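Student: Okay, here's what each chain looks like letter by letter:
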Amino acid sequence: MDLFLEQLLNGIAIGFIYALITSGLALVYGILRILHVAHAAIYALGAYAGLGIYSITGNLFLALIVSMAACSLVGVAIEKFVYFPLLKYPPYVPLIGSIALLLGIEEVLRLVAGPYIHAFPAEIPVPGFHFGPITMSPVLVTVYLVTVIVLFGLWFLSTRTELGLAMRASSQDIQIAGSLGINTSRIISTTFIIGSSTAAVAGILVGIYFNQVYPTMGAVPAYKTLALIVVGGLGSVPGAVLASVLLGISETLLIGYANIPLPRDALAFIAMIAVLMWRPQGLLGRR
Amino acid sequence: MLLEAENLRIAYRDIEAVHGASFHVEEGELVSIIGANGAGKTTILNALMGMTPVKEGAVRYRGLDITGLPSHKRAGMGIRIVPEGARVFPQLTVLENIMTGLYRLRKVTDVPSRLSWIYELFPVLDERSRQLAQTLSGGEQQQLAIARALVSKPRLLLVDEVSMGLMPILVEKVFEVLRYLNREEDLTILLVEQNALASLAISNRAYVLETGVITLEGEAQTLKSDPGVRKAYLGA
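Those sequence lines, one after another, are chains A and B. What the first sequence shows, in my numbering, is residues 1 to 287, in sequence order. What the second sequence shows, in my numbering, is residues 1 to 236, in sequence order.
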């Protein structure tokens, strides 16, 4: 029982981390209809920036803020200088551009920080948690806390603020949104800022959780999160979050108990195929 | 002069759809551009709103050249559009759709009184305010599109094919609302319509557009009795 609970809590944590990456991806897809593969590179960059600032200053909060800012900057630059000029072409053109960016950013990280795995030995200012049979390490508590805060923030922003209304309107009909006085190019940039800083948070959390930061850490998330936003329903942020948490749990439990001979990372794609056969629009997608 | 278009050439998907159209709208007027399907009416309205780029010519609004201005800036100057096919935001509620029309204007608007004015014009929107717009019928979506455009109290309303796909009784109702807005609320309206009979009945002046060229213009009353117009558009 204890082991099961522990596995479940770890699974949810993994799912939460997936959710932080996929929600940004879903936001970007919603507004530009681009599969932003390079989002995973932003996530890796976030981990590096966070680790860099943390090892210089020893201040985790500062590391988080700087990393979010750096990732936002790169995200907006990608949108302005790569995606925007490519939007007039068929969707596979920006997709190819995005793949090139993913590989390019990975190489830059390798050149700057070296091809090895860096440890991220962060001192976490959060206590652990004990309740009956449940034990959560400080790292785990941090993952839960941060994710809940970020996801609540995203929900609040998109449903309770005027900016959120403008973002949702723009993702449904960007031309009409513009005709109502919404500065849609600013809305697009804002979307990239929100998505990229969320990815930065995810990168730092993963770095601390696994105590690993390395150049290709975005490679597996790059395709796994694509599968997740398809499962969730393209462009649907709640769908992406739901799919992420479900995948995190099932990956962890299946590997822990079923002892299946499949690599863990294949599960997302099996789920994608199954869901698409049953619900082609995804879990929470619109038809 | 509130709006003046001079020698507009506009391409739609690389094909020139409007070949040098000139027209104007005075403050307080209700002007319509009538013409058959494919004459270029929607292209003209979208260009006036800044949703389609203009190849040549100029658009002036209150004496300012707005030809190259993005649509959100035009919206900020008091121009609003009821687009072809309503194009409401399907995944937003009726109320949220209306509120998009007040983007960045909530602070300078008496929102409750504006909303009750809108709901008085279109009571069905009040009943359905919490419903997603995609659940509305075609006629209700059309009313929602008008409400969304009107809520900010625009100076110039562009209305695109509002009668398309509506039941005759609704067409009558919508045109009655437009006439009321123009006569009683001093709203300047530029209407683009296939339904020449209904639009000429409420307009001050009108232009006839044929395959991207304005072929006739004049007082609505005069055009109504013009033999060419009668034959081509009024089924007489």
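Don't read these hints as lab results, they were simulated from the structure. On a predicted model such as this, the values are computed, not experimentally measured, just so you know. Keep in mind that a hint or two might mislead.
[Claimed, not checked] Derived DSSO-like pairs (lysine-lysine); straight-line CA-CA distance at most 30 angstroms:
| id | chain 1 | residue 1 | chain 2 | residue 2 |
| --- | --- | --- | --- | --- |
| 1 | A | K88 | B | K73 |
| 2 | B | K73 | A | K80 |
| 3 | A | K80 | B | K55 |
[As the list claims (entries may be wrong)] Facing chain A, a subset of chain B residues (Cβ under 10 angstroms, in silico):
| id | residue |
| --- | --- |
| 4 | P83 |
| 5 | V88 |
| 6 | E96 |
| 7 | T100 |
| 8 | G101 |
| 9 | L102 |
| 10 | L105 |
| 11 | R106 |
| 12 | Q134 |
| 13 | T135 |
| 14 | G138 |
| 15 | S152 |
| 16 | L166 |
The beta-carbon is built from N, C-alpha and C at its ideal position, and this holds for glycine as well.
Student: All hints are to be evaluated individually against the structure, with a verdict given for each.
Tutor: Checked hints:
A C-alpha spacing of about 23 angstroms is found between A:K88 and B:K73, which places the hinted pair at or below 30 angstroms, so the restraint holds. Under the criterion of a C-alpha separation no larger than 30 angstroms, the hint pairing B:K73 with A:K80 is consistent with the structure, at around 20 angstroms. The hinted pair formed by A:K80 and B:K55 meets the criterion: a straight-line CA distance of about 25 angstroms does not exceed 30 angstroms. Because the closest C-beta pair between B:P83 and chain A is about 6 angstroms apart, less than 10 angstroms, the hint holds.
Proximity of B:V88 to chain A holds as hinted, the smallest CB-CB distance being about 8 angstroms (cut-off 10 angstroms). Among the interface hints, the one on B:E96 holds; its C-beta lies about 6 angstroms from the nearest C-beta in chain A, closer than the 10 angstroms criterion. With 10 angstroms as the threshold, the beta carbon of B:T100 comes within range of chain A, its nearest partner Cβ sitting at about 5 angstroms, so the hint holds. For B:G101, the suggested interface contact is upheld, since its CB lies about 6 angstroms from the closest CB of chain A, less than 10 angstroms.
With its C-beta approaching chain A no nearer than about 9 angstroms, B:L102 sits inside the 10 angstroms limit, and its interface hint holds. The restraint placing B:L105 at the interface with chain A holds, with a minimum CB-CB distance near 7 angstroms, inside the 10 angstroms limit. Look at B:R106: its Cβ gets to within about 7 angstroms of chain A, closer than 10 angstroms, so that hint holds up. The beta carbon of B:Q134 is positioned within 10 angstroms of a beta carbon in chain A (closest approach about 8 angstroms), and the interface hint is therefore held.
Taking 10 angstroms as the C-beta contact cut-off toward chain A, the hint placing B:T135 at the interface is violated, the least distance being around 12 angstroms. Interface hint status for B:G138: violated, as the beta-carbon distance to the closest one in chain A is roughly 17 angstroms, over 10 angstroms. Taken as an interface hint, B:S152 checks out: its beta carbon lies about 7 angstroms from the nearest beta carbon of chain A, inside 10 angstroms. For B:L166, the interface hint is violated, the least distance from its beta-carbon to any beta-carbon of chain A being 19 angstroms, above 10 angstroms.
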